[in-house]
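Asks: Listed below, chain by chain, are the residues.
There are 2 protein chains.
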Amino acid sequence: MTQASIITIGDELLIGQVIDTNSAWMAQQLNKAGIRVVRRVAVADVWDEIWSALDEEQKQADIILITGGLGPTADDITKPLLCRYFGGHMVIHEEAKQNVLNIFNRLKRPMIERNLKQAEVPDNCTVLLNKRGTAPGMLFNKDGKVFVSLPGVPHEMMGLMEDDVIPALLIQFQFPSIIHKTLLTAGVGESFLAELIIDFETALPAHIKLAYLPNYGMVRLRLSATGFNKPAVENEIEQLFEDLQLLVKDYLVTNTDEPMQNVVGKLLSAKEKTMCTAESCTGGYIAHLLTSIPGASKFYDGSIVSYSYQAKEDLLQVDKTLLELKGAVSEEIVIQMAKGALQNIKSDFVIAVSGIMGPDGGLPDKPVGTVWIAVGNKEDILTQKLSFRFNRQRNIELTATNALNLLRKFILTGA
Amino acid sequence: MTQASIITIGDELLIGQVIDTNSAWMAQQLNKAGIRVVRRVAVADVWDEIWSALDEEQKQADIILITGGLGPTADDITKPLLCRYFGGHMVIHEEAKQNVLNIFNRLKRPMIERNLKQAEVPDNCTVLLNKRGTAPGMLFNKDGKVFVSLPGVPHEMMGLMEDDVIPALLIQFQFPSIIHKTLLTAGVGESFLAELIIDFETALPAHIKLAYLPNYGMVRLRLSATGFNKPAVENEIEQLFEDLQLLVKDYLVTNTDEPMQNVVGKLLSAKEKTMCTAESCTGGYIAHLLTSIPGASKFYDGSIVSYSYQAKEDLLQVDKTLLELKGAVSEEIVIQMAKGALQNIKSDFVIAVSGIMGPDGGLPDKPVGTVWIAVGNKEDILTQKLSFRFNRQRNIELTATNALNLLRKFILTGA
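Listed in order, the protein sequences are those of chains D and F.
No gaps in the numbering here: position 221 of the first sequence is 203 in the numbering used here, and each next residue is one more.
No gaps in the numbering here: position 161 of the second sequence is 143 in the numbering used here, and each next residue is one more.
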């Protein structure tokens, strides 16, 4: 099977200043095309370290994809290094030069000599024209291996991968099909799940793998099958995936690989219903998750993010006396928030949350991580109290996912 | 200088199903402690590939940190592999066993044999007790090199790093100081910036590096200095950082390494003012950015996420006739949204945004990526029209950052 390795270049990756989202995306695309990614390596903008990564990765992979290090500034040494590594000379590439000129023309920004340097490329590579930026991609062939260098700016890299790199690789290599099937469970631990499906897992043939992916207190199960006969592989995994769903049916959230908010969105769309949110502690994060889905306006009306006490009273008509008596993080208030949102936004369903996300703000009877959730409709409100013990960001994420899951259950059973 | 390498284990990293945030966080912590991370490698849950990564990484690094692959399920093979690699035998660790029992006791979940397996460790490692989960960390010494294996669950890994790993490394090695100074610029391209500071950059001594980090259409500049005499290094970089700030002063947003929302939050807190938001296209993302800051309630009151036309009318008193005449994405409507939010939420400052984030919803005169922003206070509203040409997620992020930057400028100059 054809194997690939991804090298990402940049000091910022090694001091942890940025999170490497590029290589995850690239791995997805390669995988979809039937190429197995065996390693991902991040190295600094240091000549010897990039050089030895190139030496090393071609031992294990047939395709080596490189991102980063192609900017116009002095800390970017990748292009001259690749030129030397593959024994070429730098030349001006006319189309790439025209591309740089066009971009500066369109942006109406002053162009300097340095920008034109972007159009210089080694003469022994295939140039991949970058429609979205000034740094062209470069494809080198050596001893039957393919090396591709791409800019590190995500949307530029993505455009080049889709338009040029994947099509070029599909011509040069013959790939098997890799098919993944993922389901999401909630309310059950990884070990318990493993026990439940132990016979199923043991009986899996060698070309089919099962993985457990814990995720915000839920567990995803992923089956992956590989083979050159695509219809046969599809049939086989389809059958196994059905068996797996039956085994975990009591905990199954969805048999698709998508996040909780998409499951809720589809459920609402299918019923032609809409929802709204009233958020305190999650501060708009639930709204953000839902509106990240293209076409969210079909099922989502809006949110009132009532961060202050005053906003809770003014925007959600929460009772001031009750607020002072019970505190913002209480069952009574979260119910009033839910009702207030339904009244003001006029949706079919609602989620309301109030909690203490930390690191400060904890009280003796309400420590950091205490959360009240209310979900429901005009007829009925369901509440839940949760306690988390993580950092602020994770507490926010877990509150959002749990609230969405509670609404999902409410829609399925209670409405 | 002591060098470290981070190995992350898991098929999910190589098919791009999850983004590796662990190693970025680990790199930050190691860096702060004066340890240079030279490589980060991700490998699959495959025996030979993990084994060869261990062989490979110790050639370049003194410290090898490993995360992932320690779960109780069959796809996790890291622990037996490490036992074999370092020539040990598996034994039950009594304290780790007690920890597993306590956790299941506290969670009131049924415990099975598989869970107790988590307390088995190689007899030749130092066990790092995991207070947050069932999988203990393990520290191995071999030929003067240190290998540490940690669970992949982020908060468990983080707890072990802070409580055990970093302190243990500080005892065993002597590290130099690494000091980073980062500033953020806006409204200027990377190449232009490079030209502006070319003399400064050329004159930098070898132990001080400058990096350009493009970020949402803005550029961060980072100076990094390394040395064993901490006060001397601090003095030196402090002086250079002042020079750098002067050189880029026309574009400087902040001389700290923090995101735009923190800059706005601090500005408001210093003035004892508050703000609110009225969000359409960003769907709560600006609210989420602001409320991700601990203690955000000091300067942030809340948001009205008016996703539907109806919500714009009901919650922000946007004029229905004008809405139908001009469309939701227009200067007139975004001004009304800003005024509506100020009136309802009663903050000192406001941000309102309306736009088309894609992939659908574009119109001939308002293509996908068209955004109107309004910022201001009771006296004055400032608007800006922007056009992005990216995917939905990036359009949302860029809109949020630009809106926050516009409010920042308004507070500094207009109020």
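Treat the hints with care, since some could be wrong.
[What the hints assert, rightly or not] Some chain F residues judged to face chain D by a derived CB distance under 7 Å, without partners named:
1) 22
2) 154
3) 158
4) 159
5) 172
6) 177
7) 179
8) 185
9) 186
10) 188
11) 189
12) 190
13) 269
14) 280
15) 285
Read the hints as simulated data drawn from the structure, not as lab findings.
Built from N, CA and C at the ideal position, the CB exists for glycine as well.
Asks: Evaluate each hint against the coordinates.
Replies: Here's how the hints hold up against the structure:
no. : hint : in the structure
1   : 22   : 4 Å, holds
2   : 154  : 21 Å, violated
3   : 158  : 14 Å, violated
4   : 159  : 14 Å, violated
5   : 172  : 6 Å, holds
6   : 177  : 5 Å, holds
7   : 179  : 10 Å, violated
8   : 185  : 12 Å, violated
9   : 186  : 10 Å, violated
10  : 188  : 12 Å, violated
11  : 189  : 14 Å, violated
12  : 190  : 12 Å, violated
13  : 269  : 3 Å, holds
14  : 280  : 10 Å, violated
15  : 285  : 4 Å, holds
Taken one by one, the earlier hints fail for this structure at numbers 2, 3, 4, 7, 8, 9, 10, 11, 12, 14, listed in ascending order.
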